[in-house]
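Q: Chain by chain, the residues:
2 protein chains.
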Amino acid sequence: MDITSDIHSQHISRQFNQELDELKTHLMAMGGLVEKQVQDAVGALLDHDSSLAERVVANDRAVNDMQIKIDEECTQVLARRQPTASDLRLVLAVIRAASDLERIGDEASKIARNAIDLIEADNGNRGFVEVRMISEHVRRMVRDALTSFARLDTELALKLVHEDDEVDNEYRSAMRSLMTFMMEDARSISSVLSVMWILRALERIGDHANNLAEYVVYLVKGLDIRHTDPEDLDKDMLEGKS
Amino acid sequence: MDITSDIHSQHISRQFNQELDELKTHLMAMGGLVEKQVQDAVGALLDHDSSLAERVVANDRAVNDMQIKIDEECTQVLARRQPTASDLRLVLAVIRAASDLERIGDEASKIARNAIDLIEADNGNRGFVEVRMISEHVRRMVRDALTSFARLDTELALKLVHEDDEVDNEYRSAMRSLMTFMMEDARSISSVLSVMWILRALERIGDHANNLAEYVVYLVKGLDIRHTDPEDLDKDMLEGKS
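Read top to bottom, the protein sequences are chains A and B.
Residue numbers are given in UniProt numbering: position 187 of the first sequence equals residue 187, and the series is strictly consecutive.
Residue numbers are given in UniProt numbering: position 118 of the second sequence equals residue 118, and the series is strictly consecutive.
Possibly wrong hints are sitting among the right ones.
Derived PhoX-like pairs: lysine-lysine, alpha-carbon spacing no greater than 20 Å straight-line [unchecked claim]:
(1) A/K24 x A/K36
(2) B/K110 x B/K159
(3) B/K36 x B/K24
(4) B/K69 x B/K159
(5) B/K110 x A/K69
(6) A/K221 x B/K69
Keep in mind that the hints were calculated from the coordinates and are not lab data.
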């Protein structure tokens with residue numbers, strides 16, 4: 001290879017790396033917006049702030065637009081750069097991650113819509129303690145999932161896979177106590193159901209954060225750990241099967 | 001191009017087309033399994049057949065395995081064939097579709113788990129009429145979505161996008177009548193909640209069928225119609241904006 005073509009190929013490769021970095025940057029921007037949507041949706045409920053809840057519902061469009069833009073960028077990188085190996089895995093992981101972030105956005109929007117109903121019904125704060133607790137947990141999971149993606153930190157990612165089980169336990173326990181409330185006071189049923197939908201949305205946000213963490217492992221290790229039991233996973237990792 | 005290299009390139013291209021056809025065949029096989037999972041999960045509930053419900057829960061692993069296999073095949077096609085234009089769109093659409101089918105499988109498994117609880121509680125057939133009606137509707141949607149994918153039939157795909165709104169209306173009306181049941185009889189709360197989770201799962205299956213239909217439009221027209229209002233969509237299509 002002569003010097004000119006070497007410089008040319010370095011230039012191409014620098015441009016390509018820049019494009020891959022941009023994909024990650026845009027994914028992180030989308031993640032930041034989605035985090036804020038979840039925070040605002042729960043905040044709107046806890047502070048009885050209907051107008052904030054309405055803003056969350058309206059902002060969901062911005063989340064959707066970001067996903068479409070990221071998907072287009074990824075498709076263009078695939079078509080023009082034809083990446084292989086870890087570069088290909090990055091692009092595919094970004095496509096998958098954007099899809100999960102979009103679904104987290106949907107859940108935030110559902111939380112906000114139920115918050116509007118609950119604020120209007122003005123029927124006490126039953127279940128709000130549980131909503132606060134589980135929302136703090138899943139918001140930390142989303143934040144950690146995004147951090148692990150940005151830093152390609154598989155240790156942090158694997159920690160998350162375990163935390164999802166904790167959220168599931170908290171969720172089930174909260175659902176049981178809400179069911180008891182319902183049985184004790186039939187007039188509360190409609191409001192308690194709204195709180196249940198909110199808890200279900202939070203539990204699903206935890207699932208999506210878990211998916212994000214799995215993509216980080218796929219990205220770094222080239223290992224697809226979806227549908228793998230967390231216990232087996234640790235064993236596989238320790239035994240160096242990845 | 002001399003004859004030998006021409007024959008060689010025809011051979012490559014025939015092989016490539018064969019690989020793309022195989023991706024579609026495997027996606028259809030996964031779709032067939034997922035359709036059966038939904039049918040069996042609902043059938044288990046309506047026929048009070050716990051052992052069928054348990055088989056559905058156990059079979060979810062097969063669905064997950066199929067998704068991982070399809071994803072691997074798609075990644076290999078991307079890495080080795082570096083497809084562009086409509087071939088690239090096909091591979092990306094298959095990745096997305098497999099993800100939605102996997103989630104439909106998850107929902108079928110949730111339906112089966114709730115069916116097991118309901119059969120055990122033996123607390124009457126409240127809400128079963130609604131479950132039957134909505135399940136028939138969403139199963140038809142899943143079947144049509146797969147057909148539209150296999151035939152690249154955008155007309156059928158666009159019909160589905162409208163049907164999802166109908167399912168949402170049926171779902172909301174069913175939820176309202178179930179809430180009334182709950183208020184009238186506090187002892188029914190736990191069972192009615194299980195039926196509500198089943199209806200919610202069916203409603204989400206309709207959403208995923210809708211996503212599948214959107215990928216068909218993306219695939220054929222190169223147009224991303226996710227997050228587009230169905231009304232605007234018809235207008236765009238009629239005005240030839242695609």
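Q: Does B/K159 sit within 20 Å of B/K69, going by the straight-line distance between their CA atoms?
A: Violated. B/K69 to B/K159 sits at ~30 Å, over the 20 Å cutoff.
Q: Going straight from one Cα to the other, do B/K36 and B/K24 come out at no more than 20 Å?
A: Holds, at about 18 Å.
Q: Could you grab the alpha-carbon distance between A/K24 and A/K36 and see if it respects the 20 Å cut-off?
A: At roughly 18 Å apart (the allowed maximum being 20 Å), A/K36 and A/K24 satisfy the hint.
Q: Is it true that the CA of B/K110 sits at most 20 Å from the CA of B/K159?
A: violated, 28 Å
Q: Would the hint linking B/K110 and A/K69 be met if the CA-CA limit is 20 Å?
A: At roughly 33 Å apart (the allowed maximum being 20 Å), A/K69 and B/K110 break the hint.
Q: Is A/K221 close enough to B/K69, meaning Cα to Cα at most 20 Å?
A: holds, 17 Å
Comparing the model with each numbered hint stated earlier shows that hints 2, 4 and 5 do not hold.
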